[in-house]
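Protein chains in written order, with our numbering: chain A, 1 to 251; chain B, 1001 to 1206.
Since the hints were derived computationally from the structure, they do not count as laboratory data.
It cannot be assumed that every hint is accurate.
[Claimed, not checked] What the simulated footprint calls covered on chain A by chain B, stretch by stretch (three residues with Cβ under 8 Å from a Cβ of chain B suffice, anywhere in the stretch; the number is not a length):
# : stretch
1 : 68-79
2 : 90-97
3 : 112-123
4 : 157-164
Just so it is clear, CB atoms sit at the ideal spot from N, CA and C, and this is done for glycine as well.
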Amino acid sequence: MVKVRIIPCLDVKDGRVVKGINFIDLIDAGDPVEQAKHYSENGADEICFLDISASIEQRDTMVNVVRKTANEVFIPLTVGGGISSVENIQSLLKAGADKVSINSAAINEPDIVKKSSEYFGNQCIVIAVDAKKINNDWYVFSHGGTKKTDLLALNWIEHVQKLGAGEILLTSMDKDGTKSGFDIELLKKVSEFLEIPLIASGGVGNLNHFYEGVAKGNANALLAASVFHFNEISIKEVKEYLLKKNIEIRI
Amino acid sequence: MKNITIVDYGSGNVLSAQKSFIKISKDNNIQANVIISKNVNDIKNSTHVVLPGQGAFSTCMSGLQNTPGMIEELYDFALVKKKPFLGICVGMQMLAEASEENGLHKGLGWIKGFIRPLPKKNLKMPHMGWNSVKPKQSNSLLSKAADYYFVHSYYFECQDRENILAETQYGINFTSIVGKENIYGVQFHPEKSSSQGLNLIKNFIS
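Just chain B, with the same shape it has in the complex:
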């Protein structure tokens, strides 16, 4: 039995993430209990944790900081117990050391790197829509290039190449999947990326 917890700290549309995990478990006969929770005890009992995130980086970080005991519990889950952890969108960006969005704001610092604005270069901002995600090294989330749905104006500039699992091109090549052992982060929204997105979620929980 998988116990999958989607962390609820007041960020946007977490319902879609939950529904996508439920759908993929059902379709693949994976026994899973998928909950949305801000209770640290639920994190303790989880086999998989998903950290969503929408809106501004600093709002998301303070939402997380204002959930009592949450950051410590997530640290214990991902870095001490080394259980599977997935950050989505700003949830991915929070894995970085800091973000430059509206001033400089500290992140969780689990993966070395900084969140920087995408260079404009006459491109529409936010980077919104479907774009190709290309694996840069073999990883358990994505084996070959596929299209996923993006909505963001900032990107994760990784310090160590070994943490860059996949890249996407929008003016520059930026990291669209980061990874470090059991910790993953995706800049796009797998829960909004149709069958390709559901596949990636399946890979995460399998």
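With the rest of the complex left out, here is chain A:
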């Protein structure tokens, strides 16, 4: 059967990794290519770059970063952050990205999901959803979690699946940064109806949280940032732990 994927996510600003720590094998901890290479050699199943640059000009920097990464890293690469047009997607895919993750642009103009998945194939279109629970419902937030929308997360995810999304990257804003585990309730609700792969994100703080994301939340892939960057947990430890718990993973 297909294995659960472990995905480290790197925040990249103006071509440099933010919060990247100095693993002993790195010469330059701020270089996204070196970081990606490090993770790939240490068991990552995929790499995710999130571009948090402020301006459009700096987005071209990201295309160069992707190109350099594709020269040296031979696992799938997903790039997200500020993607707003089919042209953006094309330039990233041409530079060597395998998938792009779209968030606010899909909310502003849902047609981009349909257009891009028809043009490039749904396997390379990941829809990122930032969800926050208000009263008893989860709402979608856009613009890096700063703007509340009227969209209900469950409805929105079902809608983008119909439009042609190939995967859902679901971040719980309530859990993100808390290190108290994934939002299992949310993951469960989504995986009940979702027919495409689900990537869980936000809240992981210990090894058992990874296990719960799969065993209880039914996620197909687990994304984490800070626990990996600050070397609190290594990908190898996660994989050994999951294997002991009889979760199929790639060694």
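Start from chain A and add chain B according to the hints.
Okay, now just chain B, sitting in the frame of chain A:
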């Protein structure tokens, strides 16, 4: 000197395939010239040809058909001169007689069989991620089971068992490596499958 050509007919990410072939040649001191090309003369001068493929089957087939002289040249390379040929993902599927993806579309027909949808059986589609590839008979690409990266919703249903070199399980056991003499096809992406993928590429060009 190996002359390796990755066929460019407008399909997705061909850069990663080129980079992986360059990397493996360098690491193993194999003298190789790896190019991406839609020029039939480059196929003529090649020792190895790689046919990538991403997206819909019919889009890939028409991309190939719209590259002047390409199908004839590839036929000459693989079936007349019998030089090493590798299809990746939809590039593998195009070796079949036809595909059922979005209607019935004719393939190259070099290996007997049809491209059918993977049965859903409550499984996520596409089949995306790392899965185990198990050899069914001895072959020069893969000697023992290993994990490779897959992204697809259709599979190659081989007519002759002798063409099934390896299988993978996702709801059903499907053919993940097809082969017929000098012609190989892999459903997964070796160029995205880390060291295992690079090993397979090495086996292909060695």
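What hints, given by number in increasing order, does this structure fail? Result: hint 4 breaks, nothing else.
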